[in-house]
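**Student:** Residue numbering for the sequence shown follows the numbering used here, beginning at 17 and increasing consecutively.
It is possible that some hints are incorrect.
What the hints assert, rightly or not - Simulated restraints on C-beta separations:
hint : residue 1 : residue 2 : range
1    : Arg112    : Lys21     : 20 to 30 Å
2    : Val84     : Asp18     : 38 to 48 Å
3    : Val20     : Lys127    : 35 to 45 Å
4    : Lys129    : Gly51     : 40 to 50 Å
5    : Val20     : Asn103    : 26 to 36 Å
6    : Ser81     : Lys49     : 16 to 26 Å
7    : Ser69     : Tyr114    : 14 to 24 Å
8    : Arg110    : Asp32     : 38 to 48 Å
9    : Phe22     : Glu128    : 37 to 47 Å
10   : Asp25     : Lys123    : 40 to 50 Å
11   : Ser81     : Tyr115    : 16 to 26 Å
12   : Phe27     : Lys127    : 12 to 22 Å
To be verified - Quick list of in silico lysine-lysine cross-link-like pairs, DSS-like style, CA-CA up to 30 Å:
hint : residue 1 : residue 2
13   : Lys123    : Lys53
14   : Lys105    : Lys73
15   : Lys127    : Lys99
16   : Lys31     : Lys104
17   : Lys21     : Lys53
What the hints contain is simulated information worked out from the structure, not anything from laboratory work. Quick reminder that beta carbons are idealized off the backbone N, C-alpha and C, glycines included.
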Amino acid sequence: MDLVKFVQDEFVEKKDFPEFSAGDTITVYYEIKEGQKTRTQFYKGVVIQIKGSGASKTFTIRKMSGTVGVEKIFPINMPAIQKIEINKKGSVRRARIYYFRNLTGKKARIKEKRTN
């Protein structure tokens, strides 16, 4: 058995987050420490990609801040993440939607996945 996988399974605590994929709009609530104080901040945007597997899994979220696109990469097992909410399930054909970076206006919308 691979030593890295063994250590990840034994020592890294797993949090129970909902299943999400590329194209979904999610809100990540995470803790920020400023000196002695801690506060909760949220980051809401579209999931561009999910990379890795197991404890080393990361996901990238893109949001628009005014007219500037901002991307942030979160490790799935980051201790500061408190919860993840899925706002919308998106319907996209690819696992990594890098083309989304070049789209603006109405073209930058993602169709919502229908659940029957």
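**Student:** Are the hints correct? Go through all of them and say.
**Tutor:** Going down the list of hints, with the structure as the test:
1. Between Arg112 and Lys21, the C-beta spacing of about 24 Å keeps the proposed range 20 to 30 Å intact.
2. Range check, Val84 to Asp18: about 41 Å between beta-carbon atoms, so the 38 to 48 Å window is met.
3. At roughly 39 Å, the beta carbons of Val20 and Lys127 sit within the given window of 35 to 45 Å.
4. With their beta carbons about 43 Å apart, Lys129 and Gly51 fall inside the hinted range of 40 to 50 Å.
5. Taken as a hint, the range 26 to 36 Å holds for the pair Val20 and Asn103, whose Cβ atoms sit roughly 34 Å apart.
6. Between Ser81 and Lys49 the Cβ separation comes to about 22 Å, which falls inside the hinted range of 16 to 26 Å.
7. Taking 14 to 24 Å as the suggested C-beta distance range, the pair Ser69 and Tyr114 conforms, at roughly 20 Å.
8. At roughly 27 Å, the beta-carbon separation of Arg110 and Asp32 lies outside the given 38 to 48 Å, and the hint is violated.
9. In this structure the supplied range 37 to 47 Å holds for Phe22 paired with Glu128, their Cβ-Cβ distance being about 41 Å.
10. Checking the proposed 40 to 50 Å range against Asp25 and Lys123 shows it holds: the Cβ atoms sit about 43 Å from each other.
11. In this structure, Ser81 and Tyr115 meet the distance hint of 16 to 26 Å, their C-beta atoms being roughly 20 Å apart.
12. Our hint of 12 to 22 Å for Phe27 and Lys127 is violated, since their Cβ atoms are close to 41 Å apart.
13. A distance of roughly 41 Å separates the Cα atoms of Lys123 and Lys53; the hinted pair therefore is violated under the 30 Å criterion.
14. At roughly 20 Å between alpha-carbon atoms, Lys105 and Lys73 fall within 30 Å of each other, so this suggested pair holds.
15. This hinted pair checks out: Lys127 and Lys99 have alpha carbons roughly 25 Å apart, not beyond 30 Å.
16. A hinted pair counts as satisfied when its Cα atoms are at most 30 Å apart, and Lys31 with Lys104 qualifies at roughly 21 Å.
17. Of the pairs offered as hints, the one joining Lys21 and Lys53 is violated, with about 35 Å between alpha carbons and a cut-off of 30 Å exceeded.
Violated hints, in rising order: 8, 12, 13, 17; the structure is consistent with all others.
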